[in-house]
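Visitor: Sequence:
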Amino acid sequence: MTRQGAPVYVLSCGQGINGEQMVRSALVQFPGVRSKVVRVPHVHDAHQIHETLERVAEEKGVVAHTIVDPGLRELLVCECEQMDIPCVDFMGPVLDMMQQNFGDAPLCEPGRYRKFNQVNMNRVTAIEFAVAHDDGLNPQDLGKAEIVLVGLSRSGKTPLSMYLSVHGWKVANIPIVIGIPLPSELMAINRKRIVALYIDPEQLAAHRQIRRKRLGLTDDMAYSGVKEVYREVDAVRELYRRHGFSTINVSNKPIESSAEEVIAIIEKRFPEGAHKQGKRKVEP
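Quick note: the sequence shown, position 205, residue 205 per my numbering, numbers continuous.
Because the hints were derived from the structure by calculation, they are not lab data.
Computed from a predicted structure; not experimentally measured.
Ideal Cβ positions, reconstructed from N, Cα and C, are used throughout, including at glycine.
Honestly, I wouldn't trust all of these hints.
SDA-like cross-link-like pairs, simulated, lysine to any residue; straight-line CA separation at most 25 Å [what the hints assert, rightly or not]: (1) K276 x I189; (2) K60 x M83; (3) K268 x I127; (4) K192 x I265; (5) K268 x A206; (6) K213 x K144; (7) K192 x G225; (8) K192 x M91; (9) K60 x C78; (10) K192 x V226; (11) K192 x T247; (12) K227 x I189; (13) K60 x D96; (14) K36 x H50; (15) K227 x E260; (16) K60 x C87; (17) K144 x V124; (18) K144 x S246; (19) K36 x M91; (20) K192 x M162; (21) K253 x A206; (22) K36 x G5; (23) K192 x H243; (24) K144 x N190.
Derived CB-CB ranges, DEER-like [unchecked claim]: (25) R214 x N190: 28 to 38 Å; (26) M97 x K36: 48 to 58 Å; (27) M22 x F102: 21 to 31 Å; (28) M1 x K36: 13 to 23 Å; (29) M121 x K36: 24 to 34 Å; (30) T2 x E58: 20 to 30 Å.
Please take these sequences and the hints and turn them into a complete structure.
Guide: Structure follows, in structure tokens:
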């Protein structure tokens, strides 16, 4: 048998998700009690507090809150005392303790936790996208990419894609093989999202020779021979010119510099919508 407990109203300046989770975590310790949990988000003024507390009083409920604004927090606590409503402050005592310990005043900005975690989720989503669209995988999704890198084998597409994804960009990369047509999916997307990589032929040949030896492959002059690589690089530069792809030179350049160039190109072209999910700033 279970009995009905007092409803718990969770007030917050933000979404109130964390406060609600704390209440529900506590409620599971009372298996014999069933209690309604009402989340009241975006509390920003005294009127909202008064209106909510009137409902709480009518239902003989209790209050828990994660209000970070000092003025609103004090008002809520005083009102609860006057109306004899039990009230639990999840945020105030923690902020006070940290302020005393750190010697700094808290920002008291609502929603900062959610914003911070949204940035992290953007990064996770971008990394997953880059992995799923590395080296030409899943070309049907190219239209969802914020950046599409194209380039010859061993020109640095994958590491640059991963670096950009860690900074929140959804990146796909497409290998170019001279003599083989570009994927139709690539030609169907907005060309402004495409950035082509150029690399010095001798550096490219050295990268390919290192890879060939690492994999224990037999000598393949068509893949790593300097003369053949020169011809390949000349051909790909002509391809870039013919299709109007913007090009950056990644030769002897740290990946951070290449990434900055790519981002500068995309943000210049899409000043209000570089990120397709909406403009957002991702901290390094």
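Visitor: Now, for every hint given, state plainly whether the structure supports it.
Guide: Taking the hints in turn, this is what the structure says about them:
no.: 1; hint: K276 x I189; result: holds (14 Å)
no.: 2; hint: K60 x M83; result: holds (11 Å)
no.: 3; hint: K268 x I127; result: holds (23 Å)
no.: 4; hint: K192 x I265; result: holds (9 Å)
no.: 5; hint: K268 x A206; result: violated (34 Å)
no.: 6; hint: K213 x K144; result: violated (36 Å)
no.: 7; hint: K192 x G225; result: violated (33 Å)
no.: 8; hint: K192 x M91; result: violated (47 Å)
no.: 9; hint: K60 x C78; result: holds (17 Å)
no.: 10; hint: K192 x V226; result: violated (32 Å)
no.: 11; hint: K192 x T247; result: holds (11 Å)
no.: 12; hint: K227 x I189; result: violated (34 Å)
no.: 13; hint: K60 x D96; result: violated (30 Å)
no.: 14; hint: K36 x H50; result: holds (20 Å)
no.: 15; hint: K227 x E260; result: violated (31 Å)
no.: 16; hint: K60 x C87; result: holds (12 Å)
no.: 17; hint: K144 x V124; result: holds (16 Å)
no.: 18; hint: K144 x S246; result: holds (19 Å)
no.: 19; hint: K36 x M91; result: holds (22 Å)
no.: 20; hint: K192 x M162; result: holds (20 Å)
no.: 21; hint: K253 x A206; result: holds (15 Å)
no.: 22; hint: K36 x G5; result: holds (8 Å)
no.: 23; hint: K192 x H243; result: holds (11 Å)
no.: 24; hint: K144 x N190; result: holds (11 Å)
no.: 25; hint: R214 x N190: 28 to 38 Å; result: holds (37 Å)
no.: 26; hint: M97 x K36: 48 to 58 Å; result: violated (31 Å)
no.: 27; hint: M22 x F102: 21 to 31 Å; result: holds (23 Å)
no.: 28; hint: M1 x K36: 13 to 23 Å; result: holds (18 Å)
no.: 29; hint: M121 x K36: 24 to 34 Å; result: holds (30 Å)
no.: 30; hint: T2 x E58: 20 to 30 Å; result: holds (23 Å)
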